[in-house]
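Q: Chain by chain, the residues:
There are 2 protein chains.
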Amino acid sequence: MAELVGNLLVAQSGGPTCAINASLAGVIREAGKHECIEEIYGGLNGILGILQENLIDLNDEKSRTIEGLKHTPAAALGTCRYKIDFKRKPAQAAKDMDRLFEVFQAHNIRYFFYTGGNDSQDTSHKIHEDAVRRGYDLRVIGVPKTIDNDLPFTDSCPGYGSVVKHNATVVMEVGIDVGSMATDDGSCCIIEVMGRSAGWIAGGTVLAKRGNPAAAPHIVLLPEIRYDMEALLAKIKEVVEAYRYCVMVVGEGLKDQEGKEIGADVTRLDSFGHPVLAGAAEKLKEHVQGRLNTKTRTVILGYAQRAAGHSASLTDIDNAFACGEAAVRAAVDGQSGFMVKIVRSLREDGTMAWSTGLHPLAEVANVEHFVPRDWVSEDGFMPNEKFIEYVRPLVEGEVKVPMDGGLPKYVTLEKSPVERKLPPRA
Amino acid sequence: MAELVGNLLVAQSGGPTCAINASLAGVIREAGKHECIEEIYGGLNGILGILQENLIDLNDEKSRTIEGLKHTPAAALGTCRYKIDFKRKPAQAAKDMDRLFEVFQAHNIRYFFYTGGNDSQDTSHKIHEDAVRRGYDLRVIGVPKTIDNDLPFTDSCPGYGSVVKHNATVVMEVGIDVGSMATDDGSCCIIEVMGRSAGWIAGGTVLAKRGNPAAAPHIVLLPEIRYDMEALLAKIKEVVEAYRYCVMVVGEGLKDQEGKEIGADVTRLDSFGHPVLAGAAEKLKEHVQGRLNTKTRTVILGYAQRAAGHSASLTDIDNAFACGEAAVRAAVDGQSGFMVKIVRSLREDGTMAWSTGLHPLAEVANVEHFVPRDWVSEDGFMPNEKFIEYVRPLVEGEVKVPMDGGLPKYVTLEKSPVERKLPPRA
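Going line by line, the protein sequences match chains A and B.
When we follow our numbering, the leftmost residue of the first sequence carries the number 15, and every step to the right adds one.
When we follow our numbering, the leftmost residue of the second sequence carries the number 15, and every step to the right adds one.
Treat the hints with care, since some could be wrong.
No copy is singled out in the list; a pair is fine if it fits within one copy or between any two copies.
[Stated by the list, open to error] Pairs of lysine-lysine residues, derived as DSS-like cross-links and limited to a Cα-Cα distance of at most 25 Å, are as follows:
#, residue 1, residue 2
1, Lys309, Lys297
2, Lys435, Lys309
3, Lys101, Lys251
4, Lys103, Lys309
5, Lys274, Lys414
6, Lys47, Lys76
7, Lys423, Lys400
8, Lys109, Lys297
9, Lys435, Lys249
10, Lys101, Lys423
No wet-lab data here; the hints were simulated from the structure.
Could you put the whole structure together from the sequences, leaning on the hints where they help?
A: So this is what it looks like as structure tokens:
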């Protein structure tokens with residue numbers, strides 16, 4: 015494969031995590047090692063910013079800032095939910111694609127890295143295919159990112175280990191708090207976590223139990239499973255009778271027996287046309303208080319869980335960084351149209367070894383990976399040993415976040431703009 | 015003052031915090047130094063457990079466990095919301111008081127320490143007065159504890175510095191997360207924090223700004239102030255127009271212009287007869303989405319904020335420990351009927367020096383300390399420099415929590431029971 019000389023463009027997409035900037039740091043650090051990569055540009059707010067030719071020069075950033083990206087949550091380049099939608103808006107999509115390649119050509123972009131979840135991998139795949147069709151020499155590698163952990167073929171997704179570490183910590187802490195208040199009348203606390211269709215985030219909180227049946231969480235509800243409200247209420251009653259309190263973790267996309275999302279507010283749709291979910295815990299609370307007359311409080315972690323850089327998993331951050339590095343190495347080696355995946359293997363001494371691999375974007379795009387049914391107890395209320403064995407290594411290790419006056423010190427990019435070469439987007 | 019020889023009883027009351035066990039450790043460590051204190055007992059679940067003669071022997075606990083209490087959130091002895099209510103239930107209250115002194119006498123309790131907030135200091139005060147009236151030689155010292163920070167005469171309340179450190183961290187992280195997603199359409203995130211009548215917790219999150227007007231929080235709403243919804247919506251609109259997103263922190267007891275709690279569910283009352291609050295953020299969200307058509311998400315931190323031992327403030331934990339020690343020293347010195355208070359003073363080098371003092375329980379009981387109006391901007395939407403100067407030193411320093419498999423390692427007491435000497439409570 016002939017060496018391809020040109021510029022690099024990296025961008026971030028979808029919901030931020032506290033590991034997405036570590037992947038960005040990995041891309042920048044690795045790119046700096048290769049002479050064939052001339053300029054290192056960042057696209058602001060994902061595809062949306064690239065369409066607007068909003069590029070910044072990442073070589074202008076201080077080295078200290080690049081290092082600080084490893085422990086800084088949120089998307090340092092900005093992100094977007096914009097999708098090049100060939101199905102619903104084919105004319106706009108074709109126009110967008112033309113504009114993208116105009117931008118690539120104007121700035122001699124030959125290496126393109128897009129960090130994101132399912133939709134973003136689909137975007138990367140389309141760009142790769144289009145580059146081939148247009149005969150434009152471009153290396154496209156998708157970098158995985160999603161707290162939802164629902165990308166296929168990869169062991170796990172950067173961002174997931176940190177959200178589990180944070181949420182399991184919260185569940186443990188809330189558990190001993192509520193337990194220490196438990197007197198005879200009994201109480202229930204419902205902790206709502208993210209996860210619209212996959213239950214990886216909710217399931218991971220099983221780690222807070224450390225194998226103790228009396229410890230929180232007492233019940234974990236996954237979006238993959240349809241729950242019968244009567245069976246669930248009976249289970250809660252049983253737990254409250256046994257321990258005088260019940261801590262329940264629920265994924266926001268919780269379904270009833272008919273498969274209906276119990277917290278869905280169908281009057282509002284997000285930009286992808288999905289109903290906005292905001293109420294699984296509140297809806298459950300109404301049932302528990304109304305039917306069991308058990309005092310119930312809720313915790314809705316929302317954005318706080320995915321942004322919790324102060325309790326990130328070192329394993330997760332290291333894997334995220336490695337994914338960024340691997341993406342650049344693969345592209346320099348001549349690959350295109352792949353997503354980086356994380357691979358685990360057990361060393362002889364029992365510790366986990368992490369490495370990376372590549373998987374064709376064509377097979378990744380728009381495939382969702384769910385929690386296997388046999389990783390959850392038969393009644394559906396608790397992840398089992400298989401889940402625990404999988405998730406435990408992902409939360410290991412702590413990130414040392416520098417502190418200033420008692421609060422974390424995160425970095426922001428200077429964002430020195432790259433001069434525009436095109437007329438504004440039509 | 016003649017030396018008083020006998021046993022010590024310590025108990026915990028009200029909502030747990032992540033500093034309440036540090037005060038317990040302080041009591042136990044200091045008590046161990048004084049020969050006049052023979053046994054060190056803990057009462058389980060506060061007054062409620064003492065009435066039931068549920069005492070444990072704290073000298074039976076491992077020294078490692080006592081040390082671990084310093085970084086362990088929740089109430090290690092268990093807590094209660096039970097109140098000896100002379101106003102509403104005078105007959106039951108008199109019976110309870112008789113029973114308490116039966117328990118004290120049966121176990122030769124001569125030193126009594128009760129850790130809690132306003133209601134608990136009131137209970138300590140009543141016990142002290144009753145001991146004097148009965149001629150029973152008892153030293154009673156209240157140990158302050160409340161994340162609400164609304165006890166008077168003390169600089170601050172153990173538990174408060176940690177909840178501010180945690181919540182300001184969350185606000186900072188959510189701020190950069192939401193900011194990194196902000197594209198032209200604008201969005202709003204409402205973070206609901208505890209604080210029914212005092213706005214200390216909400217106000218403290220101003221630290222997340224670090225003086226940057228563009229940084230979160232953009233608006234902070236305190237329960238002490240009555241807000242005009244039109245003025246508030248105009249302010250949110252102004253922030254979204256300026257920054258394309260708005261992060262707003264709201265205390266759960268938020269009031270409208272008529273002084274009505276906007277999130278109150280008056281159909282349910284807690285054991286003190288207060289309406290259960292659960293919806294300030296949700297109610298605000300309805301207004302913002304409905305009136306401004308701005309996409310809005312909520313974070314309801316609930317119990318997670320007060321239990322967040324993983325991000326506790328070292329200053330707070332040290333002060334909590336010192337309060338426990340000071341309580342025992344005061345009692346051994348012959349004092350009774352006081353609450354320990356925290357005192358700050360500025361050293362010549364500009365750092366803060368913390369010490370403790372005593373204040374008569376008679377003046378503390380049932381007095382609530384609110385945020386001074388002139389510590390908040392004129393429009394009521396942001397704590398000012400006076401608040402910042404006060405709160406900043408309270409979040410300083412980090413507690414090193416031992417980790418096990420990526421999650422915090424908290425301790426639990428063995429709870430070796432003290433043999434009962436009385437018939438069961440009638």
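Q: Determine for every hint whether it applies to the structure shown.
A: Now the hints, each set against the structure:
1. Taking the shortest alpha-carbon separations for lysine 309 and lysine 297, both the intra-copy value of 14 Å and the inter-copy value of 21 Å come in at or below 25 Å.
2. Within a single copy, lysine 435 and lysine 309 get their C-alpha atoms no closer than 62 Å, and across copies no closer than 34 Å, so neither meets the 25 Å cut-off.
3. Taking the closest pair of Cα atoms, lysine 101 and lysine 251 never come within 25 Å of each other, the shortest separation being 47 Å inside a single copy and 35 Å across copies.
4. Taking the shortest alpha-carbon separations for lysine 103 and lysine 309, only the inter-copy value of 23 Å comes in at or below 25 Å, while the best intra-copy value is 49 Å.
5. In this homomeric assembly, lysine 274 and lysine 414 never come within 25 Å of each other (Cα to Cα): the closest approach is 42 Å inside a single copy and 44 Å across copies.
6. Proximity of lysine 47 to lysine 76 under the C-alpha cut-off of 25 Å is restricted to the intra-copy arrangement: shortest distance 17 Å within a copy versus 54 Å between copies.
7. With identical chains, the CA atoms of lysine 423 and lysine 400 are at most 25 Å apart between copies only, with a shortest distance of 23 Å across copies and 37 Å within one.
8. Taking the shortest Cα distances, lysine 109 and lysine 297 never come within 25 Å of each other, neither inside one copy (43 Å) nor across copies (42 Å).
9. Taking the closest pair of Cα atoms, lysine 435 and lysine 249 never come within 25 Å of each other, the shortest separation being 63 Å inside a single copy and 38 Å across copies.
10. Proximity of lysine 101 and lysine 423 under a CA criterion of 25 Å is satisfied in neither setting, with 43 Å inside one chain copy and 50 Å between copies.
Comparing the model with each numbered hint stated earlier shows that hints 2, 3, 5, 8, 9 and 10 do not hold.
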